[in-house]
Amino acid sequence: MGSLDREQTIESYTMKFLVLSLAGILALPSVAMANPHDVFGVYAVEDGTSHIEIADCGDGTPCGKVVWIDPESIESGLAPEEVTSPATGEPVLGLTILHGLRQARNDWRGGTIYSPSVDRTYGARIRQLDSGLLEVKGCIGPICQTQLWTSVER
21 MGSLDREQTI ESYTMKFLVL SLAGILALPS VAMANPHDVF GVYAVEDGTS
71 HIEIADCGDG TPCGKVVWID PESIESGLAP EEVTSPATGE PVLGLTILHG
121 LRQARNDWRG GTIYSPSVDR TYGARIRQLD SGLLEVKGCI GPICQTQLWT
171 SVER
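Under the working numbering, the residues of the sequence shown are numbered 21 to 174, in order.
Simulated from the structure, these hints should not be mistaken for lab results. We treat Cβ as the ideally placed atom computed from N, Cα and C, and that holds for glycine. Honestly, I wouldn't trust all of these hints.
No more than 25 Å apart at the CA atoms, straight line, and that leaves these computed lysine to any residue pairs for SDA-like [as the list claims (entries may be wrong)]: (1) K157 x G97; (2) K85 x R129; (3) K157 x S96; (4) K85 x G143; (5) K85 x H57; (6) K85 x E101; (7) K157 x G68; (8) K157 x Q123; (9) K85 x D58; (10) K157 x S171; (11) K85 x G158; (12) K85 x H119; (13) K157 x L98; (14) K85 x C164; (15) K157 x P56; (16) K85 x G152; (17) K85 x F60; (18) K85 x H71; (19) K85 x V172; (20) K85 x L115; (21) K157 x G120; (22) K157 x G130; (23) K157 x A99; (24) K85 x T108; (25) K85 x E110; (26) K157 x P136; (27) K85 x A75; (28) K85 x G109; (29) K157 x I117; (30) K157 x E66; (31) K85 x A124; (32) K157 x T116; (33) K85 x D139; (34) K157 x G114.
Derived DEER-like restraints, expressed as beta-carbon distance ranges [what the hints assert, rightly or not]: (35) N55 x S105: 28 to 34 Å; (36) P106 x S151: 32 to 38 Å; (37) G130 x S96: 18 to 24 Å; (38) I160 x A99: 31 to 37 Å; (39) E101 x A75: 17 to 23 Å; (40) V172 x E95: 22 to 28 Å.
With the hints as extra help, turn the sequences into a complete structure.
Below you can see the structure in the form of structure tokens.
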């Protein structure tokens, strides 16, 4: 192989490498990365005992309400429609438990989340993860407990 052939071969490989590299770079934006603010949908809470629908509160911010309660998780003799909040006596089914959030750089925060099972309200932060799970944090001051909610069909 002559010197000229070797240079042409190297040049050919270099050009192929550059073209494939450019194609790879251009394909990167198409990789599925979740928008952390795209939190709207229906989710099963971490222990599977209820489903929460997160929808627009009417001002573009997310609100979450209980849309399903697992009958197996309720005291015997009660139907899901009969479960009430200890604080208000309101039915838990249809109860808005998540509201008051504002959009931050990488999540929604500043709102509150109510846990009917323990009758407590916590500071709330939520965001969509790349895995498709919804990260939900209930906080008392700087200390937070995280749950991962799974998207479900309604």
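Evaluation of the provided hints:
At most 25 Å may separate the alpha-carbon atoms for a hinted pair to count; K157 and G97 exceed this at roughly 32 Å. For the suggested pair K85 and R129, the alpha carbons sit about 17 Å apart, so the restraint of at most 25 Å is met. This hinted pair does not check out: K157 and S96 have alpha carbons roughly 30 Å apart, beyond 25 Å. For the suggested pair K85 and G143, the alpha carbons sit about 16 Å apart, so the restraint of at most 25 Å is met.
Of the supplied pair hints, the one linking K85 and H57 holds, its CA atoms being roughly 18 Å apart against a limit of 25 Å. Of the pairs offered as hints, the one joining K85 and E101 holds, with about 14 Å between alpha carbons and a cut-off of 25 Å not exceeded. Our distance criterion of 25 Å between C-alpha atoms is met by K157 and G68, whose separation comes to about 17 Å. Annotation: proposed proximity of K157 to Q123 holds, straight-line Cα distance about 15 Å (limit 25 Å).
Our distance criterion of 25 Å between C-alpha atoms is met by K85 and D58, whose separation comes to about 17 Å. In summary, the hint linking K157 to S171 is supported, as the alpha carbons are separated by about 16 Å, within the 25 Å threshold. For a cut-off of 25 Å, the pair hint linking K85 to G158 stands: about 16 Å separates their Cα positions. For the given pair, K85 sits about 9 Å from H119 by alpha-carbon distance, which is consistent with the 25 Å threshold.
This hinted pair does not check out: K157 and L98 have alpha carbons roughly 29 Å apart, beyond 25 Å. The suggested pairing of K85 with C164 holds, with an alpha-carbon distance near 21 Å, which does not exceed 25 Å. The straight-line distance between the Cα atoms of K157 and P56 is roughly 14 Å, inside the 25 Å bound, and the hint therefore holds. The suggested pairing of K85 with G152 holds, with an alpha-carbon distance near 20 Å, which does not exceed 25 Å.
Taking the CA atoms of K85 and F60, the gap is near 12 Å; set against the 25 Å cutoff, the hint holds. For the proposed pair K85 and H71, the alpha carbon gap of about 8 Å is at most 25 Å, so the pair holds. For a cut-off of 25 Å, the pair hint linking K85 to V172 stands: about 14 Å separates their Cα positions. Between the alpha carbons of K85 and L115 the distance comes to roughly 5 Å, so the proposed pair stays at or under 25 Å and holds.
At roughly 14 Å between alpha-carbon atoms, K157 and G120 fall within 25 Å of each other, so this suggested pair holds. Taking the CA atoms of K157 and G130, the gap is about 11 Å. The hint holds against a cut of 25 Å. Between K157 and A99 the alpha-carbon distance is near 29 Å, which puts this suggested pair outside the 25 Å criterion. Among the hinted pairs, K85 with T108 is consistent with the structure: their alpha-carbon atoms are about 15 Å apart, no more than 25 Å.
A threshold of 25 Å between alpha carbons decides the hint, and for K85 with E110 the separation of about 13 Å falls inside it, so the pair holds. Restraint check for K157 and P136: the C-alpha separation of about 16 Å stays at or below 25 Å, so the hint holds. Taking the CA atoms of K85 and A75, the gap is about 8 Å. The hint holds against a cut of 25 Å. Distance restraint check for K85 and G109: the Cα-Cα separation of roughly 16 Å lies within the 25 Å cut-off, and the hinted pair is therefore satisfied.
A hinted pair counts as satisfied when its Cα atoms are at most 25 Å apart, and K157 with I117 qualifies at roughly 13 Å. Using a Cα cut-off of 25 Å, the hinted pair K157 and E66 holds, with the two alpha carbons roughly 12 Å apart. Between K85 and A124 the alpha-carbon distance is near 22 Å, which keeps this suggested pair within the 25 Å criterion. Restraint check for K157 and T116: the C-alpha separation of about 16 Å stays at or below 25 Å, so the hint holds.
A hinted pair counts as satisfied when its Cα atoms are at most 25 Å apart, and K85 with D139 qualifies at roughly 15 Å. Note on K157 and G114: the hinted pairing holds, with a Cα-Cα distance of about 21 Å set against a maximum of 25 Å. A C-beta distance of roughly 32 Å is found between N55 and S105, which places it inside the suggested range of 28 to 34 Å. Here the CB-CB span from P106 to S151 is close to 34 Å, well matched to the stated 32 to 38 Å.
Taking the beta carbon of each, G130 and S96 are about 39 Å apart, not inside 18 to 24 Å as hinted. Here the CB-CB span from I160 to A99 is close to 33 Å, well matched to the stated 31 to 37 Å. Separated by about 20 Å at the C-beta atoms, E101 and A75 satisfy the suggested range of 17 to 23 Å. A hinted range of 22 to 28 Å for the beta carbons of V172 and E95 is consistent with their spacing of about 24 Å.
Taken one by one, the earlier hints fail for this structure at numbers 1, 3, 13, 23 and 37, listed in ascending order.
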